[in-house]
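Colleague: Below, each chain spelled out in residue letters.
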Amino acid sequence: MVRIEVNGRQFGVDAAPDTPLLWVLRDHLGLPGTKYGCGRALCGACTVHLDEAAVRSCALPLADVAGRRVTTIEGLAGGHRHAVQTAWIELDVPQCGYCQSGQIMSAAALLRRNPDPSDADIDAAMAGNICRCGTYSRIRRAIHRAAALIRAGH
Amino acid sequence: MDADVSRRDFIAAAAALGGALVIALSLPAGARAAARAGAGPELNAWLRIAPDDTITILVDRSEMGQGVYTALPTLIAEELEVRLEVLRIVAAPVGDAYFNPGNDGQITGTSNSVQDAWVKLRTAGAQARTMLIAAAADIWGVDPRQCIAKDGAVTNRDGARLRYGALAARAARLPLPQGVALKPRADFALIGRSLPRTDTPAKVDGRAEFGIDVRLPGMLYGAFAQSPVLGGWPDSVDSAAAARLPGVRLVLPLDRGVLVVADHYWQALAARKALKVRWNPGRNATLDNAAIGALLRNAAAADPGLAARTDGDADGALQGAARTHSAVYELPLLAHATMEPMNCTADVRADGCDLYVGTQVQQLAQAAAAPAAGLPPDLVRVHTTFLGGGFGRRLDVDFIPAAVAGSKAAGRPVQVIWTREDDMTHDTYRPPALELISAGFDAAGRLIAWKLHIVSPSVTARMQPPVTGVDPSVVEAAVNFPYDVPNVSVTYTRQEIGIDVGYMRSVSHAINCFVIESFIDELAALCGKNPYDFRIGMLGHRPRHVRVLETAARLAGWGKAARGRHQGLALMQGYGTCLAQIAEISVDGGSPKVHRIVCVVDCGQMVNPAIVESQIEGGIVFGLTETLWGEITIAHGVVQQTNFDGYRLLRANEMPNIEVQLLASDAPPGGVGEVAVPLVAPAVCNAVFAATGKRLRALPIGAVAL
Chain A
1 MVRIEVNGRQ FGVDAAPDTP LLWVLRDHLG LPGTKYGCGR ALCGACTVHL DEAAVRSCAL
61 PLADVAGRRV TTIEGLAGGH RHAVQTAWIE LDVPQCGYCQ SGQIMSAAAL LRRNPDPSDA
121 DIDAAMAGNI CRCGTYSRIR RAIHRAAALI RAGH
Chain B
1 MDADVSRRDF IAAAAALGGA LVIALSLPAG ARAAARAGAG PELNAWLRIA PDDTITILVD
61 RSEMGQGVYT ALPTLIAEEL EVRLEVLRIV AAPVGDAYFN PGNDGQITGT SNSVQDAWVK
121 LRTAGAQART MLIAAAADIW GVDPRQCIAK DGAVTNRDGA RLRYGALAAR AARLPLPQGV
181 ALKPRADFAL IGRSLPRTDT PAKVDGRAEF GIDVRLPGML YGAFAQSPVL GGWPDSVDSA
241 AAARLPGVRL VLPLDRGVLV VADHYWQALA ARKALKVRWN PGRNATLDNA AIGALLRNAA
301 AADPGLAART DGDADGALQG AARTHSAVYE LPLLAHATME PMNCTADVRA DGCDLYVGTQ
361 VQQLAQAAAA PAAGLPPDLV RVHTTFLGGG FGRRLDVDFI PAAVAGSKAA GRPVQVIWTR
421 EDDMTHDTYR PPALELISAG FDAAGRLIAW KLHIVSPSVT ARMQPPVTGV DPSVVEAAVN
481 FPYDVPNVSV TYTRQEIGID VGYMRSVSHA INCFVIESFI DELAALCGKN PYDFRIGMLG
541 HRPRHVRVLE TAARLAGWGK AARGRHQGLA LMQGYGTCLA QIAEISVDGG SPKVHRIVCV
601 VDCGQMVNPA IVESQIEGGI VFGLTETLWG EITIAHGVVQ QTNFDGYRLL RANEMPNIEV
661 QLLASDAPPG GVGEVAVPLV APAVCNAVFA ATGKRLRALP IGAVAL
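Residue numbers (our numbering), protein chains in the order written: chain A, 1 to 154; chain B, 1 to 706.
Everything labelled a hint here was simulated from the structure, so no lab data went into it.
In this text the structure is predicted, and so the values were computed from the model without any measurement.
Worth double-checking, as some hints may not be accurate.
As the list claims (entries may be wrong) - If you want a taste of the chain A side facing chain B, the calculated C-beta under 10 Å gives, among others: (1) Gly8; (2) Val24; (3) Asp27; (4) Cys38; (5) Gly97; (6) Tyr98; (7) Gln100; (8) Ile104; (9) Asn129; (10) Gly134.
What the hints assert, rightly or not - Now the stretches of chain B that chain A is said to cover, found in silico as 3 or more residues with beta-carbon under 8 Å: (11) 417 to 429; (12) 462 to 469; (13) 619 to 631.
For each residue, glycine too, the CB sits at the ideal point set by N, CA and C.
Just need the whole structure built from these sequences, with the hints factored in.
Modeller: Structure below.
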């Protein structure tokens, strides 16, 4: 039994310690918003926050997150709507939507450490998140918009 | 707005509707005739209105990002006089009413969802509105012409008002009104506006349910081992070690592989690694790229091909030409690489099977599941989830039977998930192609002969046999070659390569447009002409082509690129849409860098311009991946790319500026989901030629030294 904190709640997880956090979230804790894309930290679909940082949960063994604070798309804004999600809706960013949980988690982590990112900052921070539908232009605009919303007190 | 179309919603909606009514809507002419003939009316339903005023739209095309859960309900809402955001949107089940004649089935593909629905769903909305008005008029004892429908209610001149929910039961008993007039375009309140997508809210907070997210009580997870060599099968399986691992419930040898079912997916994966399978490689043990290339080259030499288009006498004109030019183009195998790997959830019981799957082909999914379930197809209920990308991959149903067999054997619901590696190494790949192309000029320098010989496997021959003659999905963009040339020959030689190939976004448009638009550029260079002028000079009778090309040249500043930047252009018509692209590149350290792509689109009338724009942008990104990086290679029958390191997809830091201009048009809607993909490669390669004088006749080019 491994104890972890996810979205502010404590869980005891009965899974092999090498089980990636991704599958713990999806299969054990009923949080399927975090997506499986590659299993090797290559595509970013599984991005969650570990403490404050964006991490790829598909390549993060359960044993390594014991006692750490995990935030998923379901808990990003504690039941409200994060500025990034608001901006995503305003710009209608998603197409198929499968990668967007990961995109949003990466964007939120970026804005936490850099409240006013340049295009180059955004491209660098988001290069680990693949979108096969090709929503990158709208993602970039939505991150600028979210930054403005946060500055305005969202 | 609740656009969450989970199974639970669907069932809840159905339950909530209980005694509520399904409004009978327009039937195709044949079905109506059958109904009149006494076969009994077969109700054709996209719309349900519950007593509590919940208006449910059943969308009969799969939402894979292209926006059908917004565009199709908009068509109904326009005539029904309701706002889009009040609608509850669910996936339609399998049904004859949902047949898409353009695709010969209940199929989402060929970019034709809006084209198919354009009149059909507006008519459905108008008929329903007419019936609701008639029901209200009947209650009030007034002439229906004194009543109007607006915002989900009917009102009359006396100020009386009845909500649709109070009228639906009575309305559904009325005969289907015939000859209902549709709104003229000037009266559209919803169509043509960039209304918010109905699926966005659920896609930004993790609620949207994709196939991989389906959760059923007691559900187990399956991992499916398949032959490393494409087309192989298991000869024998030693499952003793795997069966002893934690959580493992079942090891099930099947025709094409071995299924491991466990309590959790990670356990199933661990157990799959412990399987000892002796694979029979079948016929592909020695297949590799050299062998595929040889097959195509030999076929090209041996067979002139079947005629797909013949204008005049291209061979004769080439023989008599003052000047000729020939080239050979090659295109690789490609993987669809949807972000959501293939998966399927099945719940088989004695009396039926529920299938939860992201599919583009509901009927084929049903047909694929039925034998594995040991049930007739009509006892397989298909619940279509959101698709985490389709791009044609989910036109195939190869990932369905194992889940069904697993559920049947386990007596529990089973979700089978392909790993990324499974998905990439067992795709139904975009076919490779070898294309031989020649042109001839007369003494005055006029292009008088055009001859294109396409050699490629046929997807249609596998998926929708039999194909007699030329597979139309191999000669797209070639049979409607737009330039004024008196002698044109397009021929096709079918050469299979031993592995399954599939339809992929824009299908053969992407192959043929690359060849045609690159070769036109070669000819312009040969004549010393500007590629833009050369094209415009041969488009005399094609005002749509001229308009998009002229507009693109103006927007992109054709001929006025900054120092160090170089431009290339491409033009295409497909899916009822006409468009032009201009790419602007530089060559840095021997590699191409794409800075800007301008795309001008005439797709006829648009239901939702913002969605059209996103489809064009997304298509360009998809095309950039194909241009720069897309290539599947095979060695000893095994696909060499296993994940996104080996099969590179365009990333945010590689994005050019994309500028999309959508032209106003009165034409009926054209397709937009695929049409932007094919032009990227020729536009970029033509720009590379402008920059370096090097003509690139094979893709991808991202790693080519310039």
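Colleague: Now, for every hint given, state plainly whether the structure supports it.
Modeller: Hint check results:
1. Gly8: 16 Å, violated
2. Val24: Holds, because the Cβ-Cβ distance from Val24 of chain A to chain B comes to roughly 8 Å (cut-off 10 Å).
3. Asp27: At 5 Å from the nearest chain B Cβ, Asp27 of chain A passes the 10 Å test, so the hint holds.
4. Cys38: 5 Å, holds
5. Gly97: Since the shortest Cβ distance to chain B is 3 Å, the answer is holds.
6. Tyr98: 3 Å, holds
7. Gln100: Given a least distance of 5 Å, the restraint on Gln100 of chain A holds.
8. Ile104: With a closest approach of 6 Å, the Ile104 of chain A hint holds.
9. Asn129: 7 Å, holds
10. Gly134: 3 Å, holds
11. 417 to 429: Answer holds; 4 residues pass the 8 Å Cβ test.
12. 462 to 469: violated (count 0)
13. 619 to 631: n = 4 at 8 Å, threshold three: holds.
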